Amino acid sequence: MTPKQELMKELKANEYNVHIIEWDGFVKEWENKKGIVKTGVNYVSPAMDSITAVKLLRDFGITGKLVIKEYGGKAYIILKGYPGCRRIFRGTRYLETNPKVVRMAVGPKGILKSVKGGFVLSVVLCTGFHVFDYFIRDEATLFELLGRVTSDIIKIGVSSIAAVTTGLFVGSAAVIGGSVAAPLIAAIAVGLAAGWILEKIDENVGATKALIEAYKELGIGIDETVETIKDIPNMLTSEVYRYERWLINRVLNQNIFQY
Amino acid sequence: MSPKTANYGLLLFDALALLGFYILFQEHFLVVSQIDSHSERIIFDTGLYYLLLFSVFPLVRIVQMVALIAKTKEFHWNLDLLFIVWFILCLVLANAIPYKMQKDLIATGYQYCGRMESYRVARGSRNIYQFSECK
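One line per chain: the protein sequences are A and B, in this order. Just so you know, we're using our numbering here: the first sequence kicks off at 1 and counts up by one. Just so you know, we're using our numbering here: the second sequence kicks off at 1001 and counts up by one.
Think of the hints as simulated: they come from the structure by calculation, not from any bench. Worth double-checking, as some hints may not be accurate.
Computed cross-link-like contacts, SDA-like style, restricted to lysine to any residue with a CA-CA straight-line distance of at most 20 angstroms [as the list claims (entries may be wrong)]:
hint	chain 1	residue 1	chain 2	residue 2
1	A	69	A	94
2	A	200	B	1015
3	B	1004	A	165
4	A	65	B	1021
5	A	109	B	1009
6	A	65	B	1068
7	A	55	B	1089
8	A	65	B	1066
9	A	200	B	1027
10	B	1004	A	70
11	A	34	B	1117
12	A	80	B	1081
13	A	69	B	1006
14	A	55	B	1081
15	A	109	A	97
16	A	69	B	1128
17	A	200	B	1001
18	A	65	B	1001
19	A	33	B	1117
20	A	209	B	1116
21	A	69	A	55
22	A	74	B	1002
23	A	34	B	1128
24	A	109	B	1003
25	A	113	A	103
26	A	33	B	1112
27	A	200	B	1021
28	A	200	B	1029
Values in this document were obtained by computation on a predicted structure and should not be read as measured data.
Please model the complete structure; the sequences and the hints are all you need to start from.
Encoded structure:
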């Protein structure tokens, strides 16, 4: 290798590309891409549940069946079919609380755990999105951020509750309840559809706007309280001063009358 | 949970599914009629078609009824298959119909003029289409 080539190699090894973007351009780009990012955020949780459902279907096949029975006061999930053909569930009987069963969203506890995980993930991503948006936009207010985050958490919570309830109903139903993947699929379906209904209700009722207004009013209240608290030392000082004056006057008056 | 309680619970979701279908068809045909009458401004909601997923509940009911009448194993196998295929089909349709509708809007002469404030929890967006130039 020639010295020139060596030098070139050394220079390339220490090469860094720094892209400087104008702040206004960055904000504009964020405004344009915000919708896509939000859509992506909304799809994360259902996508993860769908992956679990696909794994279940691959392991059990479309017709995978299960029965929940109690032995000695403990609920067991009895899996039908040939365990040798399965990759994940190689046994025939698992405790309802078995980590593998819970992780793969099989049975009531599994569905509950899956939806709970989805709820936490959605809340974290959603809050992260709003906080980032709050920092980026100049016109965004703290009340707006609080109002939106609160309303989103409520919506995600309601749709998660609806998804769990559906999963439990379908899982306990007479015929379809025996299917391994059906409760999870029903839960995903409701989770996806309920979000739209909740958004429409919010739009018509104006819940988010009302929350933002409520936070604004609460904010004014807090400001006033803080001002009052700040004023307490001054008030105390003036009261003490007035009391001193009154006391001095009283003593002086008593002395005057005595002489 | 007993199957009887689950059955009552599913009845509630059946009612919700009916309401969902009503909204879905009403909104869909509103957009179709707006396209036909060349309305100046159309707001097209791409998340609307996720309501199709509610159709799994009436399907569960049909599956229950049919399976309880015909007690053969082959029938159960086919019904499970039907349930999963139906869900996948609804998911595909929920994404394909808005795609097709937006293509139709552009073909009719509408222009995409951005989107309204995006949904925060639901999927999809509300896109604005103008027949003349975007304002």
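Going down the list of hints, with the structure as the test:
{"no.": "1", "hint": "69(A) - 94(A)", "in the structure": "holds (10 angstroms)"}
{"no.": "2", "hint": "200(A) - 1015(B)", "in the structure": "holds (18 angstroms)"}
{"no.": "3", "hint": "1004(B) - 165(A)", "in the structure": "holds (15 angstroms)"}
{"no.": "4", "hint": "65(A) - 1021(B)", "in the structure": "violated (30 angstroms)"}
{"no.": "5", "hint": "109(A) - 1009(B)", "in the structure": "holds (18 angstroms)"}
{"no.": "6", "hint": "65(A) - 1068(B)", "in the structure": "holds (17 angstroms)"}
{"no.": "7", "hint": "55(A) - 1089(B)", "in the structure": "holds (19 angstroms)"}
{"no.": "8", "hint": "65(A) - 1066(B)", "in the structure": "holds (18 angstroms)"}
{"no.": "9", "hint": "200(A) - 1027(B)", "in the structure": "holds (12 angstroms)"}
{"no.": "10", "hint": "1004(B) - 70(A)", "in the structure": "holds (19 angstroms)"}
{"no.": "11", "hint": "34(A) - 1117(B)", "in the structure": "holds (10 angstroms)"}
{"no.": "12", "hint": "80(A) - 1081(B)", "in the structure": "holds (16 angstroms)"}
{"no.": "13", "hint": "69(A) - 1006(B)", "in the structure": "holds (17 angstroms)"}
{"no.": "14", "hint": "55(A) - 1081(B)", "in the structure": "holds (16 angstroms)"}
{"no.": "15", "hint": "109(A) - 97(A)", "in the structure": "holds (7 angstroms)"}
{"no.": "16", "hint": "69(A) - 1128(B)", "in the structure": "violated (54 angstroms)"}
{"no.": "17", "hint": "200(A) - 1001(B)", "in the structure": "violated (32 angstroms)"}
{"no.": "18", "hint": "65(A) - 1001(B)", "in the structure": "holds (18 angstroms)"}
{"no.": "19", "hint": "33(A) - 1117(B)", "in the structure": "holds (12 angstroms)"}
{"no.": "20", "hint": "209(A) - 1116(B)", "in the structure": "holds (16 angstroms)"}
{"no.": "21", "hint": "69(A) - 55(A)", "in the structure": "violated (24 angstroms)"}
{"no.": "22", "hint": "74(A) - 1002(B)", "in the structure": "holds (17 angstroms)"}
{"no.": "23", "hint": "34(A) - 1128(B)", "in the structure": "holds (16 angstroms)"}
{"no.": "24", "hint": "109(A) - 1003(B)", "in the structure": "holds (17 angstroms)"}
{"no.": "25", "hint": "113(A) - 103(A)", "in the structure": "holds (8 angstroms)"}
{"no.": "26", "hint": "33(A) - 1112(B)", "in the structure": "holds (16 angstroms)"}
{"no.": "27", "hint": "200(A) - 1021(B)", "in the structure": "holds (15 angstroms)"}
{"no.": "28", "hint": "200(A) - 1029(B)", "in the structure": "holds (18 angstroms)"}
Of the numbered hints given earlier, the model fails hints 4, 16, 17 and 21; all others are met.
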